[in-house]
Structures are given as structure tokens and as C-alpha cells.
Amino acid sequence: MVQQSISIIRVPFGLGAGRPGSENGPESMLKFGLVKKLEGLGYDVQADQCIRLPQGIHSPAGSTMKHVQEVLTVSGLLGKAVGDAVAAGHIPLVLGGDHSIAMGSLAGLTGHYRNMGVIWVDAHSDLNTESTSPSGNMHGISLAVGLGLSHIKLRQISEGAVALKPENCVIIGARDLDREEKALIRSCGLTCFTMHEIDRLGIEKVVQKALQIAGNGTDGVHLSFDIDSVDPIEAPGTGTPVRGGLSYREAHLSLELMSESGLITSADFVEVNPLLDRNNQTSKLAVELIGSLFGSRIL
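Residue numbering for the sequence shown is 189 to 487, as defined by the working numbering.
Please note that a few of the clues may not be correct.
Straight-line distance between alpha carbons at most 27 Å, and here's what the computed DSSO-like set of lysine-lysine pairs gives [unchecked claim]:
hint	residue 1	residue 2
1	K268	K341
2	K370	K341
3	K268	K353
4	K341	K353
5	K254	K268
6	K370	K254
7	K393	K370
8	K393	K224
9	K397	K370
10	K353	K393
11	K254	K219
12	K254	K341
13	K219	K397
14	K393	K219
15	K370	K353
16	K353	K397
Label-pair ranges, simulated between beta-carbon atoms [to be verified]:
hint	residue 1	residue 2	range
17	C238	R466	21 to 29 Å
18	G432	S375	19 to 27 Å
19	G377	R240	34 to 42 Å
Hints were generated in silico from the structure; no laboratory data involved.
Bear in mind that the values here come from a model prediction, so they are computed numbers and not experimental data.
Cβ coordinates follow ideal geometry from the N, Cα and C atoms, glycine included.
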């Protein structure tokens, strides 16, 4: 059997968020044994790539959205790194950083997977646009950019990138949605399993349905996992915590099921904020969850 390779791409960038600290997430996850865990699961792991914002990049004053140029610059560099990883036959595992970096992941991936599905695990939908964002923070528009609903297009980030199809995109774990985001979800054909559906149906059925939708006729499925999808009792170290999220076991089971499906071809793990954490609880949990996505089991 050929050993699979994982390319870990660190993105210590937090300007897309409203609070500092997520830029420290990648190093914190590595510090608590991520590479060793993945190697123990049988993967060849490359962890030498790090995408940093070049000096001298600044957005002009007066923009509705904050740090647009900084986000686009980092996203462009990340898009190339992700695209190169896929072309080399590696599984890209992107460690954020705030969720704005997903624009770069999606741009790089859609240059290779022309019909890609996405599972977006998040307390929020990240479907605001420049005209609806209440905060101006770029991490709140990243999925809208991926779907072609923003003024920013994926093709501006990576040449050859294409917009996602809403019918192959699924949100899991949402519980804090703005009014305009709710209307957009209802109108655009995107599936959103809020915590209400998870409570009623159970996480196993929700994830199975999500995999069916994201994998229906697609040539790759990307997982974008925001740690704030997990209840802040379990994951306090994040910038936008919302009560009532996934439990410890719901989070693990969801990733175990995705692993068993064999459909996931790439992943982001974002919004781990060590400055807000308690006893490194969130960083350690993120490492555990990544392990579950890549095959770690209790028995």
C-alpha cells in the first residue's frame, strides 16, 4: 500500500478576525503533537510550509471591510501552496489562523477540483457580504466569497479558480446567523444543519446527509472546520464563542464518520486562539479532532 502524504500548511494570520490571537493557532496545534499523531496513523507528514503576510501590505483607509488587501495577499499565497500540494498528490491540511484564510484554500482547490463539495462546520455561516457585514471582519464573508456572492471572486485569488455550487455545500453546527444570512441560505439552495437539526436528527444522520450532498457528483470534498462549532465548554479558546455547540463526542463522531466515508480530500482547521484558551484545552482538542479525521479511533 502506498503511504499517503499530508502537507500541513500553517497560516499564522489573524487580521480577518475581530480579536487577536488566532494567528498563534498553528504553532499551538503543532506544539501539542499534531505531526506525531498523524505519523502514528501511518501518514507521511510534511510540515515545513508557512504562509506569512509579507511586510508592507496595508489596505487603504475607508474600506467597508477591514484588512481586505492583507487577506487577499495571504489567500493568494495559500492558494498557490494548496494547489501545489494537490498537484503533488498530497492531502492539504491548512492550519489557521482565522476563517478568512479559507478563501485561499478554496481558490487553490477549485483550480484542481472543478466540481468540489464543501462541508463547513461552524457556529456561523460566514455568508455575509460587503453590504451586509455588521462588523467588517473578513472571516465573516469567506463562504460567500467561495460561492461567488461577494465582490471578491476566487479567480482574483488564484488563476483558474471557480465558484462553488451551493447544492454541493453544507453547513453543520450553525447557531448564530444574521438576518441577511438566513435569507440567503433559504434562497440559494445551500443546506444548513443548525444545532436544531442536530438535536432532532442526531449528529450521525446529519453528517451522513451532509456527505451525501457534498459528495454527490463532486470530484473532491473539502472540510472547513471552525473550532467555534464546538461548545465553548469544550473549546473556550476561540474569538467568537457561542453557547450550545457540538459536544466533545459529537465533534469527534462527525469527523470519524467523514474519515470512514473516504470523501474528504482536504481540510482547514481554524480559529484556535491560544490567547483566549484555558490550559491549552482548545489546542489539544483541535489536535485530537484532526486525528479523528485522519483515522484515529478508540479501539
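Going through the hints against the structure:
1. K268 / K341: 16 Å, holds
2. K370 / K341: With a Cα-Cα distance of about 22 Å, the restraint between K370 and K341 holds, given a limit of 27 Å.
3. K268 / K353: This hinted pair holds, its Cα atoms lying about 22 Å apart.
4. K341 / K353: Satisfied, since the Cα-Cα distance of roughly 14 Å is no more than 27 Å.
5. K254 / K268: Roughly 23 Å separates the two Cα atoms, so the pair holds.
6. K370 / K254: 23 Å, holds
7. K393 / K370: 23 Å, holds
8. K393 / K224: 32 Å, violated
9. K397 / K370: 20 Å, holds
10. K353 / K393: The given pair, whose Cα atoms are some 23 Å apart, holds under the 27 Å limit.
11. K254 / K219: 30 Å, violated
12. K254 / K341: Given pair K254, K341 holds - Cα atoms ~17 Å apart, limit 27 Å.
13. K219 / K397: 35 Å, violated
14. K393 / K219: Answer violated: K393 to K219 is near 34 Å, above 27 Å.
15. K370 / K353: 18 Å, holds
16. K353 / K397: It holds: about 17 Å lies between the C-alpha atoms, which stays within 27 Å.
17. C238 / R466: 21 to 29 Å: 27 Å, holds
18. G432 / S375: 19 to 27 Å: Since the Cβ atoms of G432 and S375 sit about 26 Å apart, the hinted range of 19 to 27 Å holds.
19. G377 / R240: 34 to 42 Å: 37 Å, holds
The structure shown violates the earlier hints numbered 8, 11, 13 and 14.
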